[in-house]
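Undergrad: Join the two chains, each given in its own frame, into one complex according to the hints.
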Amino acid sequence: MLAKRIIPCLDVKDGRVVKGTNFVNLRDAGDPIESGLRYSEEGADELVFLDITASSDRRNIVADMVRRVADSINIPFTVGGGLRSVADIEHILRAGADKVSINTSAIENPRLIQESAERFGSQCIVVAIDARREAEQKSSAKVFTHGGRVRTDLDAVEWAGRAAALGAGEILLTSMDADGTKAGYDLDLTSRISTSVKIPVIASGGAGTLEDLYLGLTKGAASAVLAASIFHFREVTIPQAKAYLRERGVLVR
Amino acid sequence: MITVVDYKLNNLRSIENTLRRLGHEVKVTSDPGDVRLAQKLILPGVGAFRDAMQNLRDLGLAEPFVEKVKSGTPTLGICLGMHLIFTESEEFGLHQGLDLIPGRVKKLPEGLPVPHMGWNQLHLKRPDGLTRDVVPESFVYFVHSYYAQPEFEQVTLATTDYGLDFPAIVHFENIWATQFHPEKSQHVGERLLDNFARL
Chain E
0 MLAKRIIPCL
10 DVKDGRVVKG
20 TNFVNLRDAG
30 DPIESGLRYS
40 EEGADELVFL
50 DITASSDRRN
60 IVADMVRRVA
70 DSINIPFTVG
80 GGLRSVADIE
90 HILRAGADKV
100 SINTSAIENP
110 RLIQESAERF
120 GSQCIVVAID
130 ARREAEQKSS
140 AKVFTHGGRV
150 RTDLDAVEWA
160 GRAAALGAGE
170 ILLTSMDADG
180 TKAGYDLDLT
190 SRISTSVKIP
200 VIASGGAGTL
210 EDLYLGLTKG
220 AASAVLAASI
230 FHFREVTIPQ
240 AKAYLRERGV
250 LVR
Chain R
0 MITVVDYKLN
10 NLRSIENTLR
20 RLGHEVKVTS
30 DPGDVRLAQK
40 LILPGVGAFR
50 DAMQNLRDLG
60 LAEPFVEKVK
70 SGTPTLGICL
80 GMHLIFTESE
90 EFGLHQGLDL
100 IPGRVKKLPE
110 GLPVPHMGWN
120 QLHLKRPDGL
130 TRDVVPESFV
140 YFVHSYYAQP
150 EFEQVTLATT
160 DYGLDFPAIV
170 HFENIWATQF
180 HPEKSQHVGE
190 RLLDNFARL
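Protein chains in written order, with numbering that gives the first Met the number 0: chain E, 0 to 252; chain R, 0 to 198.
Isolated chain R, as found in the complex (with noise of 0.2 angstroms):
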């Protein structure tokens, strides 16, 4: 059972039908209870940083999602949840992040369109239980202004270019995020789903 947390800023059910086709359990919710009681987690979104972290203390989905993740509980973050998971943001002003890795989030450079919107292609770093089977320079689908920069470089797993080289994907302990959404990204996404229900 994957337990996706809905911080009621999106509509979820692309992830959700995603895993379903591909034959996983889901549990799209708001309810801190079902958080706590969760064996691997998702943590999407699209959306604005402050917001998302002000719907999640609001909801308190914020303590027993982070309790959740220190205790071990595998972990993707998707795009603004990629984003949160980080020690703070500098989208509209400095805000504090959900602290699970340390890093920073930051805008695109100047110069190419903002946002980041299309599909582009993976430079994957090193192997990894989440990446299993997928081809190296693959396509997959971001839509993003900001970008996740990890203090620690090894933390990432992929990149893609855009005016730079920013992470596509992390992998930190048990927590896995991708900026781009797997759940848009035809059968590349799929995989990457399936991968992770399959940690």
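Okay, chain E solo, but in the shape it has when bound (with noise of 0.2 angstroms):
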């Protein structure tokens, strides 16, 4: 049987790790594939770099910490973050990371996942989406760019169908809502977007305890949850986490 997967996310700017709670007071927490060998050896079953350098040597300090990781880390890692073009992503790729992520750039050019998902396979495609409620319209969710600060008009769970359609290998889903509150994750969008696509769906946002990851698996019938502050923070570590799991009947390696 196929496990659950559980992924922590590790923020990077000019190449090293920074925490912080909604992209503010930043704060250096280390080199990224220290901290990537060692949610690894504690059992996470892949890692999620989300580059935020705004340097415009970006493409090559990114690459290089990609390299970095692919030397060190045999788990599988997915990098995301200021990827435009199907040669940003070979870059990336051919830097040795397994899979990318693209958000704001695969709304903007949704060709981009087709043409992407041809060339490298759709299995390294990985569209993130940020999802947030409409105040007046709680049962729907629409799409946010450029970090949640530029709306859009789609709604998630129909963008998310194109995204699969159009050659997507997954769907990081974020809720906007639920990130930074650790009152757990959108499970009812997590569960819409889950059974509407035949692709794996990560929940992310909103985790704070055990039972959020396990809700998210289970009622939000998502393959895999990702968190970024329980784990950094060492509220919940990745032992304690794959153990409730199993004690609560969910297949995990």
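Simulated from the structure, these hints should not be mistaken for laboratory data.
Computed from a prediction, not measured in an experiment: that's the story for all the values here.
Don't be surprised by glycine CBs; every beta carbon is placed ideally from N, CA and C.
Some hints here could point you the wrong way.
What the hints assert, rightly or not - Quick list of the computed label-pair ranges, beta carbon to beta carbon:
id, chain 1, residue 1, chain 2, residue 2, range
1, E, 208, R, 23, 38 to 46 angstroms
2, E, 146, R, 144, 31 to 39 angstroms
3, E, 249, R, 164, 17 to 25 angstroms
Stated by the list, open to error - Below, in silico cross-link-like pairs of lysine-lysine (DSS-like), each with a Cα-Cα straight-line distance of 30 angstroms or less:
id, chain 1, residue 1, chain 2, residue 2
4, E, 197, R, 106
5, E, 12, E, 181
6, E, 197, R, 105
7, R, 124, R, 7
8, R, 26, R, 7
9, E, 137, E, 181
TA: Have a look at this one:
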């Protein structure tokens, strides 16, 4: 049986891991390779590196980090942030990433999903969706771009379906309402997307407890759960999460 | 020395570095001359079957590779590299493979998400040097949409369940092949690669 996955997410800036809440109060939290190795030794199933470097030399800084990660960590890892073209994607995959995650660029140019999936295979194209519920219409969630700053008219469930049809291999769904609240994943939205697409969905945003991880994988029907702060600040460790999930009947590695 | 055949479809850093960390000498090469001199071969790969066969032929690697394998060189195929070692593949039309193990590459059945991606378990069928000290039901990392079906069942060393029980590891004469990626399968993968290096 295929195991459910636990994926720590590391925010990276200028080749260093940063920790903060909602991208403010960032502080240096060390070397991405050291952090990645620690998670991998603890039993993380995959890693996501989300790059927020603003420098003009970003492309090379990121590729260099990807090479160093690929040299020392032997679990799969995804790299996202600022990838805008097939050439950007190729650069990161050639440096050794297993998958790339695209967000704003996929919305601005949906053909990027198709072209990169045809070129490199669906398995390495993750489409990240940042979704927020409408105040007046709670049942629907709209997609946001540019790190959550710009609202689009796209419905999250519809966009997930379209991304899958264009060749995305996975959906990384972040609930902006839940993100940072530690009140749990948006289970309703996660399960609506998980059951409407045939590709794996990674639940993100809002995990605060072990039970949240469990609910994301069961009620949310996600294939994987992603979390940043609860793991970084050691509120929950990966071995604890795995033991808890196993005890509650979820198949984990 | 382990010779990793680079047919210019993938990044091979993970496999190279995993073998190095385990203390083995590795040469990643696209030079047919290096393949002719190999003591041990790895044929890795992710991507499309047809492109891979084309590259192997265009780079002049197919012929020396087949010769070396037929002369008894211990060989490990990984993922697409496993598929290439079989007779033929149904991936996007019927394509001829290297025909070193009789059998055909087929699409995973409908119903479950494809590609089959993630950590899944090995059901070991019999003991073998490659799987020495590998605990039954260990998890390894898969990413694939097709699987190799050997003509003779005895070739299968381990299976994995994903809609059907498909061969996860095969062993035929001097050839071993894994459907999963040992270089991405952490300690279990390291064990397998180390076992192969010591065979």
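Undergrad: If a hint holds in the structure, say so; if it doesn't, say that too.
TA: Against the structure, the hints:
no. : hint                                : result
1   : 208(E) - 23(R): 38 to 46 angstroms  : 44 angstroms, holds
2   : 146(E) - 144(R): 31 to 39 angstroms : 33 angstroms, holds
3   : 249(E) - 164(R): 17 to 25 angstroms : 22 angstroms, holds
4   : 197(E) - 106(R)                     : 16 angstroms, holds
5   : 12(E) - 181(E)                      : 24 angstroms, holds
6   : 197(E) - 105(R)                     : 20 angstroms, holds
7   : 124(R) - 7(R)                       : 34 angstroms, violated
8   : 26(R) - 7(R)                        : 15 angstroms, holds
9   : 137(E) - 181(E)                     : 20 angstroms, holds
When held up to the earlier numbered hints, the structure conflicts with hint 7 and nothing else.
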